[in-house]
Amino acid sequence: MDVLVYLIPISLLLGGVGLVAFVYTVKSNQYDDPEGNSQRILTKTYDDEPKP
Amino acid sequence: MTAALRAPVSACPACSAAPAAENLAERALPEDARISLSLPTAHCGACISSVENVLNAQAGVKDARVNLTLKRASIAVEDWVTPAELIRVLDRVGYPAHELDDGTIASTETDKAGRDLLMRLAVAGFASMNVMLLSVSVWSGAADATRDLFHWISAAITLPTIAFSGQPFFRNAWSALKNARLNMDVPIVLAILLAVVTSLWETSLSGEHAYFDAALALTFFLLAGRYLDHRTRSIARSAAEELAALEVPRALLMVGEEPVETPISEIKVGDPILVRPGGRMPVDGEITKGQSELDRSLLTGETLPVFAEQGLAVSAGEINLTGPLTIRASAVGQDSSLHQMAELVAVAESGRNRYTSLADSAAKLYAPGVHILSALSFLGWLIYSGDARVALNIAAAVLIITCPCALGLAVPAVTTAASGRLFKKGLLIKHSTALERLAEVDTVMFDKTGTLTNGAPVLDAPETYSSNYLSVAMALAIGSAHPLSKSVAKAASTLGVSPAMVEALEEIPGYGTKGLWQGQPVMLGRAAWMGARPQSATATYLKIGEAEPIAFRFTDALRQGAAETVTALQDAGKQVILISGDTAPAVETLADALNISRWTAEALPSDKVQRIQELTDNGHKVLMVGDGLNDTAALTAAHVSISPASALDAARVASDIVLLGNELEPIVDALSTAVSARKRIRENFRIATIYNVIAVPIAILGLATPLVAALAMSASSITVSLNALRLR
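Residue numbers (my numbering), protein chains in the order written: chain A, 2 to 53; chain B, 5 to 732.
It should be emphasised that the hints constitute simulated quantities derived from the structure, not laboratory data.
A virtual CB, placed ideally from N, CA and C, is assigned to each residue, including glycine.
Be careful, since some hints might not be right.
[What the hints assert, rightly or not] Simulated coverage check for chain B against chain A, where a stretch passes if three residues somewhere in it have a Cβ under 8 Å from a Cβ of chain A:
1) 118-130
2) 210-218
[To be verified] Distance condition first, Cα-Cα at most 30 Å in a straight line; then the derived DSBU-like pairs of lysine-lysine:
3) 434(B) with 368(B)
4) 28(A) with 66(B)
5) 28(A) with 428(B)
6) 429(B) with 272(B)
7) 429(B) with 578(B)
8) 52(A) with 578(B)
9) 434(B) with 578(B)
10) 625(B) with 428(B)
11) 45(A) with 518(B)
12) 490(B) with 518(B)
13) 490(B) with 116(B)
14) 293(B) with 272(B)
15) 182(B) with 272(B)
16) 116(B) with 66(B)
17) 45(A) with 75(B)
18) 578(B) with 28(A)
19) 52(A) with 625(B)
20) 45(A) with 428(B)
21) 518(B) with 293(B)
22) 490(B) with 52(A)
23) 434(B) with 28(A)
24) 683(B) with 434(B)
25) 28(A) with 625(B)
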């Protein structure tokens, strides 16, 4: 059962990373326009180079 | 781990306040001028790119971004760019746009409460998944030191999470208790706290059962219900505020000879104000210069325009039709007739305040019942076993098992599904209990002008007039902005008549248009102007030379789908009533055309309220559909109310539901959807009750292990949510 000493912190860390990522997406307004985002994927506008 | 993560969110309120302050400062800088436009027709990916490309290609536009969910464009521009310019550009590529008042919508842009709930929901979800993992290992056989370790780790995750995510419940419960009342949140908080305390106690004594996962799952499910509820309402609220933002409140103040755009709040009594043709009176006042006609239909329901000249008193909300008018403000802000109308609204007892929602009445039964049940099982087990630890454990299990996961989701899940469906059909549900109240309606009362009709006159039987008359009238009418003139010109061109050669055209504001046709004077306008005898119906008069003037009669065209709506409502067994401030003949004609047997004409705003009160006293539940200022009090007094998007701001605020499109037919859909939504809500309550009837005895007998509690709780929540999705 010694493996638990590694596994539990690792599982908590991974979950924590997910939570931090979610907090970041909420703070940076990424849920403001879900409908628009699903349509923007299909446009070719920034396919070749990122938005300046 | 969780504690460390949480710190930036909750431990330092000043930190989260500071970035907000920075944002504000940024917005105040002059180079960050923003324009918001409403784009009602944007619906696809191509719309986004074409609108953004067109806007970004404009000189002075720094960045344009379309939000498809809200159907809005937010544009960062240089100071000198005006919204009108951008609207013209968009119009040319086929996207009609309207300016939005940035101040009014700024509050909805960052939905703080929604984000706050989402964050708490996410933290609760994260924590409950981790604790569930640990709990599953305990249930599948971890024992002794391993079990204790898992319990302690669970406790370390649970305590800070509950402290953060449970705050909305703690706050609501505390404010209820402070006022010596019970609400749904009191048993919830008690269950969560009791679960945590007994679990900590058990863990410290190396006990077998801990309910950390149950406490977290409870918080998670209930927060999900709260979030759904909040989102449904905030979508409706932001759309409603967008409608309000469409009317940018400005007036043209005369400074010397120059009109200056001024916010209405800065207008003082005695200020001279210019009202252009087509404009709305911003304040109450008296006409000091100019002649015109006024459309008072929004205030009184009259369709016939009123002649206006120097000395006539005007009220805010009336529309100036033909000539420019200068008025002297006599009452502004609080004193204006608009506000007095609003006071009438405040006096009328609101239908929504009298109503107790299904959720509230369920909570009234539920909260005391649960407390008594859990207290009794604590006492019973204390007497039976003499062991406070066992008794407390059982009491906690009873509270957790009965706790209203399903009850908390039963209403929001259904209203979210129903509101979303109705929003797609063009109905905006503004009030949280509007659907429930709508389901009870048995009487529908319609206003006439602007609700059942378009509020725009249409020429009666144009083919009966000789084409000579029509072509002269068309020539006279074609350049005028007066609604009757526009209607004559439109009717004539539909019939294929071309305008006659009329020279020396001149529009006399307030009277009509005159000119020369084949050497004789011709005039089109008011009866009194050419010495004709005025008729009772809405009409305009044409005089050619010295001949007797002929009358062009108009009727107000029915709104699209009005007849079908009334028939469908009558077929559904609803009583339909027509009430209007317009004259009796006009109302009677419409009532006959729509086959409505009960109608009232020349009704004052207070008459409408009285009529609704009488019906309510007789046990009827009235749905009021109206658009004018004269309807606002009636809209408030009715059990539930609907107004079209074209209605005045005050009427929209007073109503529970707003019709976004031009058609009336969604009202029928709304009634049937409301009935099936209420059915689903009741079913959900029944499911929750059955589940409690089975689970509570198990808990009281002391057979509910944490595993049973977790299974039962999730099963009931999921059943209720799935049932809500069945809504059709």
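Against the structure, the hints:
Coverage of the stretch 118-130 of chain B by chain A holds in this model, with 6 residues showing a Cβ closer than 8 Å to a Cβ of that chain against a need of three. Interface restraint, the stretch 210-218 of chain B with chain A: violated (0 residues with C-beta to C-beta distance below 8 Å; minimum three). Between residue 434(B) and residue 368(B) the CA atoms are separated by roughly 25 Å; this keeps the pair inside 30 Å, and the hint holds. This hinted pair checks out: residue 28(A) and residue 66(B) have alpha carbons roughly 23 Å apart, not beyond 30 Å.
The hinted pair formed by residue 28(A) and residue 428(B) meets the criterion: a straight-line CA distance of about 29 Å does not exceed 30 Å. With a C-alpha separation of about 43 Å, the suggested pair residue 429(B) and residue 272(B) falls outside the 30 Å cut-off, and the hint is violated. Straight-line distance between C-alpha atoms of residue 429(B) and residue 578(B) comes to about 22 Å, which keeps the hinted pair within the 30 Å bound. With a C-alpha separation of about 57 Å, the suggested pair residue 52(A) and residue 578(B) falls outside the 30 Å cut-off, and the hint is violated.
Straight-line distance between C-alpha atoms of residue 434(B) and residue 578(B) comes to about 23 Å, which keeps the hinted pair within the 30 Å bound. Using a Cα cut-off of 30 Å, the hinted pair residue 625(B) and residue 428(B) holds, with the two alpha carbons roughly 26 Å apart. Our distance criterion of 30 Å between C-alpha atoms is broken by residue 45(A) and residue 518(B), whose separation comes to about 58 Å. For the suggested pair residue 490(B) and residue 518(B), the alpha carbons sit about 15 Å apart, so the restraint of at most 30 Å is met.
With a CA separation close to 47 Å, the supplied pair residue 490(B) and residue 116(B) exceeds the 30 Å bound. The hinted pair formed by residue 293(B) and residue 272(B) meets the criterion: a straight-line CA distance of about 19 Å does not exceed 30 Å. In summary, the hint linking residue 182(B) to residue 272(B) is not supported, as the alpha carbons are separated by about 45 Å, beyond the 30 Å threshold. Restraint check: the Cα-Cα separation between residue 116(B) and residue 66(B) comes to about 27 Å, which is no more than 30 Å; the hinted pair holds.
A distance of roughly 21 Å separates the Cα atoms of residue 45(A) and residue 75(B); the hinted pair therefore holds under the 30 Å criterion. Proximity of residue 578(B) to residue 28(A) is assessed by CA-CA distance (about 49 Å); at most 30 Å being required, the pair is judged violated. A distance of roughly 57 Å separates the Cα atoms of residue 52(A) and residue 625(B); the hinted pair therefore is violated under the 30 Å criterion. With a CA separation close to 29 Å, the supplied pair residue 45(A) and residue 428(B) stays within the 30 Å bound.
Simply put, residue 518(B) and residue 293(B) have alpha-carbon atoms about 22 Å apart, close enough for the 30 Å limit, and the pair holds. Restraint check: the Cα-Cα separation between residue 490(B) and residue 52(A) comes to about 49 Å, which exceeds 30 Å; the hinted pair is violated. For the hint pairing residue 434(B) with residue 28(A), the CA-to-CA distance comes to about 27 Å; that is within 30 Å, so the pair holds. A C-alpha spacing of about 21 Å is found between residue 683(B) and residue 434(B), which places the hinted pair at or below 30 Å, so the restraint holds.
Distance hint between residue 28(A) and residue 625(B) is unfulfilled; the C-alpha atoms sit about 45 Å from each other, more than 30 Å.
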